[in-house]
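Colleague: Put chains B and C on the given structure of chain A with help from the hints.
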Amino acid sequence: MKGHVLRAFVKKEFLHIFRDYRTLMVLFGMPIAQVILFGYAITTELRDVKIGVWDMSKDQKSIELISNITSSEFFALNDNVSASHEIEASFKKGRVKAFLVFPNDFGNKLERGTASIQIIADASDPNTANIITNQLTSIIQRWDMLEKSKTLRRAFIDTEVRMHYNPESKSVLLFVPGVITIILMLVSAMLTSISIAREKEMGNMEILLVSPLKPAVVIIGKILPYLMLSLVNALIIMGIGNVVFEVPVNGSFVLLLLECLLFIVVALSLGVFISTKVESQQMALMMSLFALMLPTILLSGFIFPISSMPLPLQWISHAMPPKYFIIIIKAIMLKGVGIAHIWKETLILSLMAVFFIGLSVKNYKSRLE
Amino acid sequence: MLTVSNISKSYGEVRALNGINFEVDRGELFGLIGPDGAGKTSLFRIIATLLLPDSGDVSFDGHDVITDYEFVRKNVGYMPGRFSLYQDLSVKENLEFFATIFNTTVQENKHLIEDIFKQLEPFQNRRAGDLSGGMKQKLALSCALIHKPTMLLLDEPTTGVDAISRKEFWGMLQRLKKEGITIVVSTPYMDESKLCDRVALIQDGAIMDLDTPSGIVNRFDKTVYKVTGNNQYQLLSKIRTMDGVQNAYPFGSSLHVYGSPELNLSGRLDEHFPDADIQVEIIPADIEDTFMNLMTRDHE
Amino acid sequence: MNKAITANKLTKKFGNFIATNAITFDVDKGEVFGFLGANGAGKTTAIKMLTGLSRPTSGEATVAGLDIYRHAEQIKQQIGYMSQKFSLYEDMTVSENIEFYGGIYGLKRSEIRERGGKSLDQLSMTNVRNHKVNSLPLGWKQKLAFAVATLHKPGIVFLDEPTGGVDPITRRQFWEMIYQAAEEGITVFVTTHYMDEAEYCNRISIMVEGLMVACDSPAALKSLHNASSIEEVFIKIARNKE
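Chains as they are written, first to last, in the numbering used here: chain A, 211 to 579; chain B, 325 to 624; chain C, -3 to 238.
No lab work stands behind these hints: they were computed from the structure.
All residues carry an ideal CB built from backbone N, CA and C; glycine is no exception.
Honestly, I wouldn't trust all of these hints.
Said to hold, decoys possible - Incomplete in silico selection of chain B near chain A, CB under 7 angstroms: (1) LEU374; (2) ARG397; (3) LYS398; (4) TYR402; (5) ARG406; (6) SER408; (7) ASP412; (8) LEU413; (9) PHE421; (10) THR424; (11) ILE425; (12) GLY484.
Unchecked claim - Reference listing, derived: stretches of chain B covered by chain C, where coverage requires no fewer than 3 residues with Cβ under 8 angstroms from a Cβ of chain C: (13) 359 to 373; (14) 488 to 501.
Said to hold, decoys possible - Cut-off 20 angstroms, straight-line C-alpha distance, at most; resulting in silico cross-link-like pairs (SDA-like, lysine to any residue): (15) LYS491(B) to VAL204(C); (16) LYS491(B) to HIS221(C); (17) LYS5(C) to LEU62(C); (18) LYS114(C) to GLN169(C); (19) LYS562(B) to GLY591(B); (20) LYS416(B) to LEU216(A); (21) LYS416(B) to ILE279(A); (22) LYS221(A) to THR391(B); (23) LYS(-1)(C) to PHE21(C); (24) LYS25(C) to TYR557(B); (25) LYS472(B) to PRO422(A); (26) LYS218(C) to ILE488(B); (27) LYS434(B) to PRO446(B); (28) LYS575(A) to THR391(B); (29) LYS416(B) to PHE228(A); (30) LYS(-1)(C) to GLY181(C); (31) LYS398(B) to HIS214(A); (32) LYS501(B) to THR536(B); (33) LYS424(A) to TYR393(B); (34) LYS218(C) to VAL204(C); (35) LYS(-1)(C) to ILE14(C); (36) LYS491(B) to GLY36(C); (37) LYS572(A) to LEU376(B); (38) LYS575(A) to LEU375(B); (39) LYS550(B) to GLN169(C); (40) LYS232(C) to GLY495(B).
Excised from the complex, chain A in its bound form (with noise of 0.2 angstroms):
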């Protein structure tokens, strides 16, 4: 008996998704939206890169690895300094995006042991930054590997990265994850919250309440729509980040799915949450703008660094599901992991979707007021 009743509700909510283009829009055309934007505004295409370098050392090694990376299509040599302030110099004139700065005796270095290369980037805009960094280690790896096998030695060149102006950047892949965390976080609570304030705006909620419909059902039967297309949407984002951008998913894909399930559930009891603190439509989307939208995308790390916020913004994201789910997700696609390096931000994930289920159970008013 139970089963149908929740079928016809779960049924009509989909009726009124695919009724209402607006709906749509927001479920399916903003996911691919942000992708594509979020996507195409952070990997701007490396070509002809200025970078500068500072060779203290000038030896055979050092002019060969130089060239070698000034000869790829990715980076120009504009500026050779000689001294450490012309360094700050070369930057704020805008020269040069990044340095190499090649120690003495580089290539004795090299051949005893280790030898290292500083690179210095401009990490004003962090996300370039990352590329540069990413891509000249890549280049100064390859050609260790290369000389590696001709001379058998067992050396290798450790670079060390210094971002200049933002230490803290994070790599380009973490847009992914990102965008999949606001994407859920909107799908879910926002759209949950704003269809349960619309029964009760349209007076639609009158009726519901006075059928022998138990809140239970109500509540599931609003969830259940969501849980499934937030589903779709993380997948259809892991896609285009997987086939666009060569995104990988390079941990259990299983294990992302149920922390992806856990995810909504959090999200979608914030949003029935919500739902239970406002009269109108108009008044749900506000608090899931300001209350979940913001804070997802300013406080979760998405963007902005936490450990470089202030210590009460940071106090502040210690409370906020996205951040524990931006680690989980980035751990899983990009690093590989598995449930034992995350289980901690698994359990905090969970304790939080109890909390905030039992709270909307609590604040669901079988009556008006």
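Modeller: Just chains B and C now, kept in the frame of chain A:
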């Protein structure tokens, strides 16, 4: 069937309901007549278990509506004042949805909504939001009836609906009454009170009078003079200044003047307006006359 | 030019839906003209076109002798408007509302004080002048809204369902205010779904699903359709249509 005793409800400082008492018998068609803000909607919501009263009790079929609200919800059909069905769902989808959440099917109780259903059938696949006002009300009534309730609560079902649909709607209520369903209906249209078995006249959260429509009218103790003339506005201003006139109001194309039987209105008006063609006749009071005089009495 | 309003085949479509379908009528100066119909019959749409709030799909109309396409802004100076939904600011006091609306129509402070004071006197609302509007009963609000809409002495006043849901005494008081305005030469264009209120108007038009199905004085309509009330007229017209 329904006993409402001493119900009061306030919103902040506003007193919406102030000690309401009445009983509705099984199978009765009971009307709550009063303007917006009289407290009709609050009263309906309390009976429908959607609001808790500040004080007082309501029992439906022997069950307390506060403690035993699940019983009430299963056995009462409630139609709110605002169209509360899903506008983006078709007629058929709405009916099926509401049937399901009330644990029944459209087929099971079709006989109850048979004649309404026939009228809705051509529009089965139309979205509820695209129906005319009259059709919307019929659909809402069908949805309220779908679980075969023993009592119907209808909050202003005919407000803003065209005259024909109103007539048809009251026809349907009479048929439902014959099926044995108890009906409590509210309306701001005084003339609809004639169609109820008993009515309560409600104003400012209190019942001013409660009886059969004829009982209420028969209790009216003033004489009603119907005055017809050319310039109503001048006529009205004059009449209001005359001794012995208790009240005077425009009533469509004529005026209604209330006073004692010895008013001699016709003679006095001829004196004041010798050239005008003024007709005065004594008519029986109707509910609206009664309502207005009860209002002024309560204000004084 | 003694027509306050003329409309010729005025039409408004929303997508496939025709809200008003080629309605043609005129209103004399100083007349109380009633626009009758159920909710959704097209009354509000017609008022919105005449007051310049909505652009017609086709057809012509003039208000106070001004073309509604070309002179929408000048028309606004000549008219008063009171909408179905209560149009005063609920969180402002009675006096503040009067001052605000008087200011919008460019009345001088002294004029606002004088006319506002007179209106409040007539409404016996002087003692609540410093009360917030949301603390007043619905009927008082409606009467106040009407006073505010006519504060700048417009030539024409448009009233959209002013008496919806109002108690029978206040409804009558409201109509008395309308009569008084008409006595002062103001043309009144009023919509209602109470059929009995049609009798208060000099002439009425009946709208059914966007079409104007009748337009004449209440007495003429009753005798034409051999009916005793406008409600009966309406029912007969609608039956014939089917």
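Colleague: A separate judgement is required for each hint: does it hold in the structure or not?
Modeller: Here is how each hint holds up against the structure:
{"no.": "1", "hint": "LEU374", "verdict": "holds (5 angstroms)"}
{"no.": "2", "hint": "ARG397", "verdict": "holds (5 angstroms)"}
{"no.": "3", "hint": "LYS398", "verdict": "holds (5 angstroms)"}
{"no.": "4", "hint": "TYR402", "verdict": "holds (5 angstroms)"}
{"no.": "5", "hint": "ARG406", "verdict": "holds (4 angstroms)"}
{"no.": "6", "hint": "SER408", "verdict": "holds (4 angstroms)"}
{"no.": "7", "hint": "ASP412", "verdict": "holds (5 angstroms)"}
{"no.": "8", "hint": "LEU413", "verdict": "holds (6 angstroms)"}
{"no.": "9", "hint": "PHE421", "verdict": "holds (5 angstroms)"}
{"no.": "10", "hint": "THR424", "verdict": "holds (4 angstroms)"}
{"no.": "11", "hint": "ILE425", "verdict": "holds (5 angstroms)"}
{"no.": "12", "hint": "GLY484", "verdict": "violated (15 angstroms)"}
{"no.": "13", "hint": "359 to 373", "verdict": "holds (count 4)"}
{"no.": "14", "hint": "488 to 501", "verdict": "holds (count 3)"}
{"no.": "15", "hint": "LYS491(B) to VAL204(C)", "verdict": "holds (16 angstroms)"}
{"no.": "16", "hint": "LYS491(B) to HIS221(C)", "verdict": "holds (19 angstroms)"}
{"no.": "17", "hint": "LYS5(C) to LEU62(C)", "verdict": "holds (17 angstroms)"}
{"no.": "18", "hint": "LYS114(C) to GLN169(C)", "verdict": "holds (17 angstroms)"}
{"no.": "19", "hint": "LYS562(B) to GLY591(B)", "verdict": "holds (14 angstroms)"}
{"no.": "20", "hint": "LYS416(B) to LEU216(A)", "verdict": "holds (18 angstroms)"}
{"no.": "21", "hint": "LYS416(B) to ILE279(A)", "verdict": "violated (70 angstroms)"}
{"no.": "22", "hint": "LYS221(A) to THR391(B)", "verdict": "violated (32 angstroms)"}
{"no.": "23", "hint": "LYS(-1)(C) to PHE21(C)", "verdict": "holds (11 angstroms)"}
{"no.": "24", "hint": "LYS25(C) to TYR557(B)", "verdict": "holds (18 angstroms)"}
{"no.": "25", "hint": "LYS472(B) to PRO422(A)", "verdict": "holds (13 angstroms)"}
{"no.": "26", "hint": "LYS218(C) to ILE488(B)", "verdict": "holds (17 angstroms)"}
{"no.": "27", "hint": "LYS434(B) to PRO446(B)", "verdict": "holds (16 angstroms)"}
{"no.": "28", "hint": "LYS575(A) to THR391(B)", "verdict": "holds (15 angstroms)"}
{"no.": "29", "hint": "LYS416(B) to PHE228(A)", "verdict": "holds (17 angstroms)"}
{"no.": "30", "hint": "LYS(-1)(C) to GLY181(C)", "verdict": "holds (13 angstroms)"}
{"no.": "31", "hint": "LYS398(B) to HIS214(A)", "verdict": "holds (18 angstroms)"}
{"no.": "32", "hint": "LYS501(B) to THR536(B)", "verdict": "holds (16 angstroms)"}
{"no.": "33", "hint": "LYS424(A) to TYR393(B)", "verdict": "holds (12 angstroms)"}
{"no.": "34", "hint": "LYS218(C) to VAL204(C)", "verdict": "holds (18 angstroms)"}
{"no.": "35", "hint": "LYS(-1)(C) to ILE14(C)", "verdict": "violated (27 angstroms)"}
{"no.": "36", "hint": "LYS491(B) to GLY36(C)", "verdict": "holds (18 angstroms)"}
{"no.": "37", "hint": "LYS572(A) to LEU376(B)", "verdict": "holds (18 angstroms)"}
{"no.": "38", "hint": "LYS575(A) to LEU375(B)", "verdict": "holds (11 angstroms)"}
{"no.": "39", "hint": "LYS550(B) to GLN169(C)", "verdict": "holds (18 angstroms)"}
{"no.": "40", "hint": "LYS232(C) to GLY495(B)", "verdict": "holds (18 angstroms)"}
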